[in-house]
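Visitor: Below are the chains, spelled out letter by letter.
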Amino acid sequence: MQTSPSYRIHFLVLLLILLAAFLVNLSMGSVSIPLTEIISVFVGNGSTKATWEYILIDYRLPKAITAMLAGGGLAISGLLMQTLFRNPLAGPFVLGLSSGASLGVAILILGASAFGGFFGTMLLSQWSLVIASALGSFLVLLAVLAVTFRIKDTMAILIIGLMFGSVTTAVVSVLSYFSNAEQLQQYIFWSFGSLGNQSWQGVTILSICFLAGLILSIISSKSLNTLLLGENYAKSMGIHIKKTTFIIILATSILAGGITAFVGPIAFVGLAVPHLVRQFYKTSNHLILLPAVLLCGSLLMLICDTIAQLPFSEFTLPINAITSLIGAPVVIWLLVRKRKLFF
Amino acid sequence: MASVEKNIILEAKNLAVGYSSKKSDSVIAKEINFSIKKGELVGLVGANGIGKSTLLRTLTGMQNPLKGDVFLNEKHINSYTSFELATELSVVLTEAPASKNLSVLEMISLGRQPYTNWIGTLTREDKNAINFALEATETTTLAHRKCFELSDGQMQRVAIARAIAQDTPIIILDEPTTHLDIYHRAYVLKLLKKLASETQKTIFFSTHEIDLAIQLTDKMLVMAKDENHFESPCKLIESGKFDALFPKETIDFDRETGRFIIKS
Numbered sequence: 015m016q017t018s019p020s021y022r023i024h025f026l027v028l029l030l031i032l033l034a035a036f037l038v039n040l041s042m043g044s045v046s047i048p049l050t051e052i053i054s055v056f057v058g059n060g061s062t063k064a065t066w067e068y069i070l071i072d073y074r075l076p077k078a079i080t081a082m083l084a085g086g087g088l089a090i091s092g093l094l095m096q097t098l099f100r101n102p103l104a105g106p107f108v109l110g111l112s113s114g115a116s117l118g119v120a121i122l123i124l125g126a127s128a129f130g131g132f133f134g135t136m137l138l139s140q141w142s143l144v145i146a147s148a149l150g151s152f153l154v155l156l157a158v159l160a161v162t163f164r165i166k167d168t169m170a171i172l173i174i175g176l177m178f179g180s181v182t183t184a185v186v187s188v189l190s191y192f193s194n195a196e197q198l199q200q201y202i203f204w205s206f207g208s209l210g211n212q213s214w215q216g217v218t219i220l221s222i223c224f225l226a227g228l229i230l231s232i233i234s235s236k237s238l239n240t241l242l243l244g245e246n247y248a249k250s251m252g253i254h255i256k257k258t259t260f261i262i263i264l265a266t267s268i269l270a271g272g273i274t275a276f277v278g279p280i281a282f283v284g285l286a287v288p289h290l291v292r293q294f295y296k297t298s299n300h301l302i303l304l305p306a307v308l309l310c311g312s313l314l315m316l317i318c319d320t321i322a323q324l325p326f327s328e329f330t331l332p333i334n335a336i337t338s339l340i341g342a343p344v345v346i347w348l349l350v351r352k353r354k355l356f357f
Numbered sequence: 443m444a445s446v447e448k449n450i451i452l453e454a455k456n457l458a459v460g461y462s463s464k465k466s467d468s469v470i471a472k473e474i475n476f477s478i479k480k481g482e483l484v485g486l487v488g489a490n491g492i493g494k495s496t497l498l499r500t501l502t503g504m505q506n507p508l509k510g511d512v513f514l515n516e517k518h519i520n521s522y523t524s525f526e527l528a529t530e531l532s533v534v535l536t537e538a539p540a541s542k543n544l545s546v547l548e549m550i551s552l553g554r555q556p557y558t559n560w561i562g563t564l565t566r567e568d569k570n571a572i573n574f575a576l577e578a579t580e581t582t583t584l585a586h587r588k589c590f591e592l593s594d595g596q597m598q599r600v601a602i603a604r605a606i607a608q609d610t611p612i613i614i615l616d617e618p619t620t621h622l623d624i625y626h627r628a629y630v631l632k633l634l635k636k637l638a639s640e641t642q643k644t645i646f647f648s649t650h651e652i653d654l655a656i657q658l659t660d661k662m663l664v665m666a667k668d669e670n671h672f673e674s675p676c677k678l679i680e681s682g683k684f685d686a687l688f689p690k691e692t693i694d695f696d697r698e699t700g701r702f703i704i705k706s
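Going line by line, the protein sequences match chains H and V. Each residue of the first sequence is one higher than the one before, starting from 15 at the first, in the working numbering. Each residue of the second sequence is one higher than the one before, starting from 443 at the first, in the working numbering.
Do not take every clue at face value.
[Claimed, not checked] Straight-line Cα separation of at most 27 angstroms, DSS-like style, residue types lysine-lysine; simulated pairs:
id	chain 1	residue 1	chain 2	residue 2
1	H	Lys257	V	Lys464
2	H	Lys256	V	Lys636
3	V	Lys588	H	Lys249
4	V	Lys542	H	Lys296
5	H	Lys257	V	Lys683
Please keep in mind that the hints were generated in silico from the structure rather than gathered at the bench.
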C-alpha cells in the first residue's frame, strides 16, 4: 500500500509524548520523586536518597515498562482481531479471549490445591501462569475460529464469543465455589488487574511474549492489508487463508494471553485504541497502523496507570477500572461523532 | 494453424461444476467447453442460478471442478500454485471490499500484492502499474477518497482498476454491471472492450446485459438448462441459441434487433 512520509513526524511527536508520560509516571505516586533525581539514577549517578533509587529501580520502572508492554500489546491484538474478523467490535475482551485466559488462570490457581503439595506450588510459578493463560485464550480463539469457518455472519461470531465468555465465567464461578478463601483471594486480585509488583524476571518474560507477538504481527502485516479486501479477494491474490489466519491467531493469543497472565484481564484498551488511531491516521496500511497502535496503547496505559496510583496519596486503584472508565467513553464518543465504526 | 493454436490462453474441456460434499456431488452445470484466445472479450450469459458464478469460481481456482479440466496457457490449472495463479489471473467479485475505510489508492495498490516484497513496499514499477490502472479507469481524481464515499458506478471502476493493477493476462469479472445505471453499464463494458483490444488482456465476464454483450463481445458462452454454447454473438443469434435461454411465454428473443422483448 502506498504510504506517505509525513507520518514520520506523527511518530516522532508520539514518541516524545510517550517519553514524557513515562517520566511523569515514574515521578508520580505515593512518594513524588523529582525529575532531576530520576535522570540522575538513570545516568548512573545514583540518587540523593537510597529509598528513591530503590523505589525507582525495583518498583516503578518495572511497573512503567509493564504498563507500556501491556497497553501496546493489547492494542495490537485488538487491531489484529478487528482485521481478521473484519468487524470493528472485535477485540481480545469481546471475543472471549480474556475470559479464556481467566479460565486458564482460574483452573491453575483454584485447581492447584487438587494437585496438592510440591506439584501444586510448582504449577504456580510465573511461567505456568503465562502458559495457562495463553493456552486458555488460544483455545477460546480456536473455538471462535472453528465457528467462523462455519458461519459467515460476523454478528453471530461476536455473539458466540460473548457466549464463550459467559461459559468461562460460569466455570470460574463453579471453581471458586469449591476452592478455599486464600486461593480465591489470589484469583480475585489477579482479576482486578495490576501492573505493579512485577519482578524484573516477570518483565523479561512479558517482553519475550510481547516481542514474539509483535514479530508475528509484522510478518502478517502484508496479509492483513490484503484481508481488508475480503477473504475471496485475498485468495485470488495468492494468500494462504488458513496459514495466515493461524499466524494472526497465534500472535493475538501470545499477546493477549501473555499480558493477561501478568496484569490480569484489562478491558477496552484492545478495542478502543485501534479506533482512536484510525481517527488520526487516515490510512488502512497495517505497517503504519501497527506502530501507531503500539505507541498509543502504551501511552494510554501509562496515563491510566498514573491516574490509578492516585498521585500524592497512598491508594492504588485497580487498573481495570481506570481503563474501562477511560475506554468506554472514548468508544461512545467515537460512535456518536462518526455514527459508524470502521475497521 | 499452430500459431493460431498457440494463442489459446484459457480452455475448458468437458467441465462440470458444482459443489461436492461427502455424500454426493451436486452438479450445477456440466459439459462446458470453450477455448478463449489472447485479447478476447468474452461474455457469459444465462439465467439466474444456472451456474455462472460457480463456473467463474471454478475458473479462478476458488473451487475444484467436479469433472473435466481447465487449462491455462495449455497447462492444467491445478499445476499452478495459488501464488503463480495470482500473476496470471485477477478477479473482480460482486462483493465490495470488506473494509470500506480503504482509500481508492490503497485498494488499487493492494492489486500489486503478488509482486511486492514481504512488507509490501511499492517499487517504481508498482507505482507505474497503479497509475496506469487509475488512468485507464478514469479514477485518478478519486484516488484519495475513501471507498464508503463512492457511488456504485465509481466503486465498480475502482474494483476494475485493482484488477488492472494486478497486471495479469486474464481478468475474470462476476457481473460487473449489476447495480449500475444504463450509462455506467455501457461505460463499464466499453472499458472492458477497450482494455481487451488495447492491452491484449483476455477478459471473461458474466452479465445479464445480453443485448449490450451481443454488441461488444468477441465470443459468448451461453449457459442454458441442458446445453452450453460457445460462439461469436452473430453465430449464436443465427443458430437461435438465445431463444432457449428463458421461458418463451414471458420474454422472447428478437433476432432482428438482438434484444429480448416482453410478451404481452
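Visitor: All the hints need checking, so say for each whether the structure fits it.
Guide: We went through each hint and held it up to the structure:
Only pairs whose Cα atoms come within 27 angstroms are accepted, and Lys257 (chain H) paired with Lys464 (chain V) is accepted, the gap being roughly 24 angstroms. For the hint pairing Lys256 (chain H) with Lys636 (chain V), the CA-to-CA distance comes to about 38 angstroms; that exceeds 27 angstroms, so the pair is violated. Simply put, Lys588 (chain V) and Lys249 (chain H) have alpha-carbon atoms about 23 angstroms apart, close enough for the 27 angstroms limit, and the pair holds. Between Lys542 (chain V) and Lys296 (chain H), the direct Cα distance comes to roughly 13 angstroms. Compliance with the 27 angstroms bound is thereby established for this hinted pair.
Straight-line distance between C-alpha atoms of Lys257 (chain H) and Lys683 (chain V) comes to about 46 angstroms, which puts the hinted pair past the 27 angstroms bound.
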